[in-house]
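Chains P and U, in that order, give the protein sequences.
Residue numbering for the first sequence is 508 to 883, as defined by this note's numbering.
Residue numbering for the second sequence is 55 to 248, as defined by this note's numbering.
Rather than coming from a laboratory, the hints here were simulated on the basis of the structure.
Heads up, a few of these hints could be off.
Stated by the list, open to error - Short, incomplete list of chain U residues facing chain P, as computed with Cβ under 7 Å:
hint	residue
1	Asp145
2	Arg147
3	Leu206
4	Ala232
Even for Gly, the Cβ is constructed at its ideal location relative to N, Cα and C.
Spelled out from the first residue to the last, the chains are:
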Amino acid sequence: MRRRRIRILSACLLLAGAASAYVLMGVKWPTGTNMGFTVNLASAKISGQLSSVLSAAATWSALNPSGFRMTYQGPTAVVGYHYDGANTIGWQDQGASSTLATTYTWSSGATILENDIVFNDAQTWSITGGSYDVETVALHEMGHVVGLDHSSSGIMQAYYAGIQRSIDADARAGFYAMYGAPAGGGGSDHPPTVSITAPAAGALVSGMVPFTAAASDDHGVGKVEFYVGAVLVTRMTASPYQTSWDSSASYNGATTLKAVATDTIGQTASDQIGVVLIPHAPPNFSGIKKNNSSTLLEQYINVLSWEAHPYNRDIQSYRLYRQDGSVWTLIGEFDTQTLTAMDKNVKKSAAYTYILKAVDNGGRPGDGATAQVKAP
Amino acid sequence: MKKTFRFAASALGVLALGLSASGLMVKASLADLAGGAELILLGRVIEARSSWSLDNSLIVTLTTIEVRETIKGRAVFRRIAVQTPGGQVGDLRLTVSDEPAFAADETVLLFLKPLPARFSGANSILVLNSPAPVYEMLDKAQGKYSIGEDGLARKAGYRLLAVDESDDTALPLIELTARIKTLLRRPAAARRTP
């Protein structure tokens, strides 16, 4: 008997090397379950985890909502593994260890009664693409929630292997084996399509930039994620897929915008454009009128000063304009080392308005900073 | 013939266990395990008992191990116990991700650490009085090797189909212990990989 068992295990190892296959825990929720869950974020070290958790839940729920789905029921003060009839997700310091998150599955016979997920707050978490990615770990743990054990690859592999925010075909097949495939199969699902509708490719942008996309899929779009460079701006699970990018904390110059659509079975598509973020307005732009008089001459000057914007790079000059009636007059153009300027021969009793713009190496002036110099 | 705890339960009057490993972890190397463990031992699984915690919040299991050889640390008693969350009481079963499965009479090489205060203090969730010192697994199922009759040590805390554990997965026991001892002689072995 013993030798036979070893042979069987060896055969299993060979099979594992040949192809991945989902592994079932042997327990599952009753088919048709709408599993309500609450989330406790009180002890989490980063903000925004809720959207990552909900996105993972939406990804699983979208596979076949009539077979099994998860519904967020709001926040909770509870964290942990207690058998209390409530399915909770939360963060708790589980100490320095290799554990990223723990799923507690309460069951009777082959039926799951309750699931609790505890993220280890002692780890470093990220929602914007760093390690450890909340959504990836949530997606994995929720795989256990539905009844999947570890597989040799994909989202259900035992060890963290980088960001994966979609359900691979192996895990999907395991889910369908337990809860059934959606009407229309699940195997005939086509990938989604997505295109960025604003801004236009190559556009000059600044400030709050409208960032919108159109996405579609034959079985439904699960989510659309908006990226600036590699940074996730936001994630939307319902149309219209419209958001805004606050560019004030991004470097000027050429930037890539990307939209990634994921359908209900984890297939993805993306669209990417390049835009140019014009220079930011120089901060702390201000002016003061000074008297430069002597016994022979009475002269007043407006002394203007500003600071370099921390997110301006490859700037070639600053342009200073003065408002004369309805006309803006160029007072001067200064190199990037110059952070102060004088406007001479101004009137003592007059107030003046100035605009200062940084100019990038492509000759593109940026947003203007405004300063007023009042009469003394 | 190796017996599972479910089979042994009827004879021993204790509850059956068959915890599966599930969850997500950062992979610990053999050096991590060797450096981080307070006690590394080779032993044989005697029995397991599951019960509710004192606060009725959790089912936990004490698995008794008969110590055959100590590779690191000092096992004062001939038997030690390993406490793991999860188990089955009556019809209710708790499966906790990443916790190892033990089989009666199984030969194991374990990387252990003392039970933290939360398991032994005033708010203890320890459920069974143990005549043997109680430890917990280092890095859960990653801290367990199962030794087969073929003399191979397999990192069997996870299901065998689960992951590609090409390093240290199926080593002759003698080679595994030699590697551990070599690592323990190196100062770096005491530090975990960042």
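Verification of the hints:
1. Asp145: This hint holds: aspartate 145 of chain U lies near chain P, its Cβ roughly 5 Å from the closest one there, short of 7 Å.
2. Arg147: With a minimum Cβ separation of about 5 Å from chain P (threshold 7 Å), the hint on arginine 147 of chain U holds.
3. Leu206: Violated, because the Cβ-Cβ distance from leucine 206 of chain U to chain P comes to roughly 9 Å (cut-off 7 Å).
4. Ala232: violated, 23 Å
Consistency note: the structure conflicts with the earlier hints numbered 3 and 4.
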